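Working from the sequences, and respecting the hints, build out all of it.
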Amino acid sequence: MSNTATAATAASASRKSRRTGPSHANSGYLFVLPFLLVFLAMLVLPLVYAAYLSLFREQLIGGTVFAGLENYTRALSDDRLIEGVLRVARFFLIQVPIMLLLSLAAALAIDSGLLRFAKTFRLGIFVPYAVPAVVATLMWGYLYGPDFGLFAQIADKLGLGAPQFLSEGHALASIANIVTWEFVGYNMIILYAALRAVPHDLYEAAAVDGAGAWRTAWSIKLPALRPALLLCLIFSVIGSFQLFSEPKLLQPLAPNVIDSSYTPNLYAYSLAFTGQEVNYAAAVSFLLGLVIVVASYTVLLVSNRRSRA
Amino acid sequence: MKWLRHFNGRTGTSYAAAALLAACLGLSACSGGSDDGGGGKAAPPASQSEIDKAMQTPTNLTFWTWVPNIQKEVDLFQQKYPAIKVKVVNAGQGTPHYTKLRTALKAGTGAPDVAQIEFQYIPTFSLTKSLVDLRPYGAEALKDKFVAWTWGQVTGANGEVWAYPQDTGPMGLLYRKDIFDKYGIAPPKTWDDFATAARKLHSADSNVYMTNMAPNESGVWTGLLWQAGAKPFANTAPDAVTVNVNDETSKKLGTYWGGLVKEGVVSADPDFTDPWYQALNRGKYASWVTAAWGPVFLSGSAKSTSGKWRAAPLPQWDAGKQASGNWGGSTSAVITGTKNPIAAAKFAEFINTDPEATKKFATEQFLFPATKALLADPSFTQQKPEFYGGQTVNQVFSDISQTVNTEFQWPPFLDQAVTDWNETVGKSFADKSDTNAALDQWQQRITEYAKNQGFKVSS
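Keeping their order, the protein sequence lines are chains A and B. The first sequence begins at 1 in this note's numbering and counts up by one. The second sequence begins at 1 in this note's numbering and counts up by one.
Honestly, the hints are just simulated from the structure, not real lab data. Fair warning: there could be bad hints in the mix.
With the Cβ distance kept under 7 Å, some of the chain A side facing chain B (calculated, not the full set) [to be verified]:
| id | residue |
| --- | --- |
| 1 | 148 |
| 2 | 150 |
| 3 | 153 |
| 4 | 156 |
| 5 | 274 |
Since we're looking at a predicted model, the values are computed, not measured. Cβ coordinates follow ideal geometry from the N, Cα and C atoms, glycine included.
This is the structure:
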């Protein structure tokens with residue numbers, strides 16, 4: 001016993017000295033330098049430049065003038081932008097819980113060890129994530145087709161009316177379905193990896209205490225998954241609010257439902273490239289970034305408070 | 001060129017953030033755009049000796065275009081002028097092409113010497129002084145080689161010549177003769193006949209629609225406005241535009257098409273989509289209001305219906321007159337900032353006026369010609385494709401080309417006008433709601449945009 005204790009103090013002492021050694025500290029910076037350079041050039045600089053841009057106003061006639069916060073005040077009262085933000089917020093509130101529950105169920109099922117062909121099952125759920133979003137959306141767009149799509153043909157065989165997946169009322173749900181299909185596997189892998197990291201003695205202790213599979217899942221696995229679930233949730237907040245490629249690709253199929261301001265990102269894109277209002281687009285993007293920060297922070301705050309309670 | 005734009009679909013996939021980044025980088029050198037080539041006054045003409053010298057000096061030109069296999073036409077030019085090497089670049093079809101061109105122009109580097117520009121985009125690019133006036137390089141002398149309305153399209157407010165017409169899309173009607181015959185319908189001469197036939201057809205067979213009014217195709221709408229003699233847009237001065245998309249003529253069209261769609265005798269499916277191709281093959285539409293590039297396009301896309309289609313002029317508003325509009329078609333323009341304006345201008349001139357080159361466009365790429373010579377050439381007009389039961393389709397459209405109104409103008413911010421159309425007028429077709437109210441909305445949205453961009457707007 002005393003031997004291991006001395007070994008532990010020795011180890012911690014050596015760790016301490018490593019942390020304080022000046023040459024080691026410098027080599028640490030050297031290691032992060034490549035990342036730092038790319039981070040500065042590809043993220044911080046464009047961000048600063050976009051912030052700078054958002055303070056100006058360039059017109060086709062009359063050139064560029066300093067506009068102060070005019071673009072921001074315009075954005076805050078822009079019905080199309082607000083509508084888009086509310087739409088993705090609705091998307092987040094409905095799609096994300098469904099997706100995470102499915103991922104959780106799949107991860108628990110694979111981890112339970114009760115499943116036959118668990119590897120095949122795992123791969124099968126993960127494969128959609130490996131399909132590029134563009135391909136996935138085009139494929140679903142085809143399946144959704146009101147005339148000759150798979151579902152329409154089945155409905156036709158059954159003598160039912162063709163389902164209108166991309167109509168005004170159902171388009172958002174149809175997009176949610178595609179996103180769920182794409183990302184269940186991705187979230188499942190994160191959760192599954194977290195489950196594999198649960199120390200085995202916890203399970204043994206639970207078994208000794210007489211807990212069954214369900215009880216183990218509820219009392220041991222779920223609490224252990226909390227950080228991973230939070231991670232998935234934060235990713236989903238960001239993903240939902242930045243929704244772009246799926247609606248953009250479905251646009252040609254439902255041009256009058258999915259308009260140029262369907263999601264805030266789509267709106268920023270069309271402002272910049274259709275209307276050439278680059279400055280206003282920069283302001284819109286910044287505001288969207290702010291919304292994402294606030295939403296992510298709220299999620300963190302709520303879950304932290306709950307874990308403390 | 002309209003049809004070529006649909007070969008790869010519209011797959012803009014970049015994320016807005018990345019897109020914005022690109023825009024930022026593009027803008028970082030806004031000062032790059034220079035003033036040469038714009039403005040009302042023509043530069044002094046290049047003398048013949050200057051031209052000769054330029055054409056013998058080794059020069060490299062870059063040409064952005066999405067015409068497939070255009071190297072064949074380019075080779076003809078290089079044979080004649082061996083000193084000049086032309087590099088063909090396909091920068092995308094339609095929108096991606098223009099986006100890249102704009103970015104390069106703003107960056108002040110990387111723009112081509114010559115670029116393909118569709119007719120409707122000429123004011124959008126001449127507004128930003130991105131096109132070189134071709135008058136100093138002898139453009140005015142070539143006026144009579146081209147069909148009159150195409151020359152109107154490439155001519156600026158002060159007589160500038162912004163580009164040479166490459167191909168065109170005068171509008172006509174392709175119809176299913178077998179379906180028309182089955183229900184005893186004659187090819188409609190007037191829009192009234194067309195509406196009557198539409199009702200008759202749909203009540204006889206509820207799976208068949210007289211035609212389809214695509215809610216995502218503002219090109220058809222503007223083409224039909226063009227036919228009706230409307231003047232929705234005008235550039236009265238460099239900083240002033242007239243927007244008039246909800247006047248009497250537009251409302252007449254709104255009542256007509258909105259009414260037929262609401263009645264359900266004309267369908268409103270988005271075009272150039274999978275369901276739309278399927279519908280063409282399965283005979284859902286008895287006719288297609290299309291342009292001169294339509295016949296070749298259709299014979300490739302609806303192979304199973306070979307022999308069943310025929311071509312006719314558009315139905316008319318005024319039974320005694322023949323009028324048409326245009327949908328699609330491209331030009332070759334010289335881009336501001338080129339170091340070799342003479343060689344670039346002569347290249348654009350050559351591929352669009354040389355008899356051999358223009359003929360290749362018509363017979364190899366199946367572009368519908370813009371030159372008078374070719375439109376009168378029997379080897380072109382007298383072709384009898386099987387797909388149309390041996391009808392001389394090119395002759396039909398060649399005749400239509402003579403009836404296209406020469407005055408029509410485009411707004412100097414086309415992309416925005418198109419997007420707004422989709423979300424107002426197009427949407428009214430998809431929703432079967434009030435098209436005339438949507439026209440008012442369209443007018444209001446364009447006006448607001450133009451004012452935000454600093455234009456003086458009148459209606």
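Comparing the hints with the structure gives:
Checking residue 148 (chain A) against chain B by beta carbon gives a least distance of about 5 Å; that is within 7 Å, so the hint holds. For residue 150 (chain A), the shortest C-beta to C-beta distance to chain B is roughly 12 Å, which exceeds 7 Å, and the interface hint is violated. For the restraint placing residue 153 (chain A) at the interface with chain B, the shortest Cβ-Cβ distance is roughly 11 Å, beyond the 7 Å limit, so the hint is violated. Below 7 Å, beta-carbon pairs count as interface contacts, and residue 156 (chain A) has none with chain B, the closest being about 12 Å; its hint is therefore violated.
Annotation: interface hint on residue 274 (chain A) holds; nearest CB of chain B at approximately 4 Å, less than 7 Å.
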